[in-house]
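Hey, can you work out the whole structure from these sequences and the hints?
Residue numbers (the numbering used here), protein chains in the order written: chain G, 1 to 110; chain Z, 1 to 113.
Once the Cα atoms are required to be at most 27 Å apart in a straight line, the calculated DSS-like pairs of lysine-lysine come out as:
#: 1; chain 1: Z; residue 1: Lys57; chain 2: G; residue 2: Lys102
#: 2; chain 1: G; residue 1: Lys102; chain 2: Z; residue 2: Lys101
#: 3; chain 1: G; residue 1: Lys97; chain 2: G; residue 2: Lys68
#: 4; chain 1: G; residue 1: Lys68; chain 2: Z; residue 2: Lys101
Source of the hints: derived by calculation from the structure; they are not laboratory data. If you're wondering where the values come from, they're calculated on a predicted model, not measured in any experiment.
If you want the building blocks of each chain, they are given just below.
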Amino acid sequence: GDSVTQMEGPVTLSEEAFLTINCTYTATGYPSLFWYVQYPGEGLQLLLKATKADDKGSNKGFEATYRKETTSFHLEKGSVQVSDSAVYFCALNRDDKIIFGKGTRLHILP
Amino acid sequence: DAGITQSPRHKVTETGTPVTLRCHQTENHRYMYWYRQDPGHGLRLIHYSYGVKDTDKGEVSDGYSVSRSKTEDFLLTLESATSSQTSVYFCATRAPGANEKLFFGSGTQLSVL
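See below:
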């Protein structure tokens with residue numbers, strides 16, 4: 001069946017460091033891909049998305065590119081801030097069935 | 001934010017009892033989802049619905065059933081609760097179209113003793 005695999009956390013970085021959180025997927029056909037973020041004590045909210053191969057989603061300085069050839073959708077940010085500390089979830093939507101990866105907890109140190 | 005209300009917000013129950021969680025939305029969204037969130041497992045899809053009386057199984061559907069008799073309500077029932085079903089349960093909704101964004105409720109913390 002379909003699945004999403006994310007890098008294990010937690011990830012701890014210093015402020016202004018470069019961030020990469022890896023995400024790969026397994027699915028038939030052409031799913032849409034997403035990153036959601038969950039800040040402490042809150043629900044999940046959509047961070048960015050891409051609906052077809054080579055699309056780049058971006059929001060709040062975060063970016064991810066839909067790579068069909070490597071079945072990947074890695075999340076990147078050039079300079080992280082303390083306020084980026086949260087849990088990040090990669091997800092896919094195929095035929096309205098939306099599944100998530102296990103999440104990656106990110107800690108940013110001032 | 002979409003108007004999604006989950007009830008109850010917290011519940012403690014005993015093993016073997018049936019439990020029903022309710023998700024109510026005011027956005028007239030076609031799609032509704034139930035997830036559980038557990039440490040080390042992230043969010044796992046239990047069941048989802050693509051319309052009234054149209055539902056399908058997710059990744060971890062064993063021990064759960066759902067019903068959707070009205071667009072606005074999606075019920076999740078634990079037929080005979082077990083301690084392994086202690087979790088935080090999230091409902092989410094989505095409107096059809098290119099946006100595909102999920103809107104989440106605030107969650108229900110369920111403890112099965």
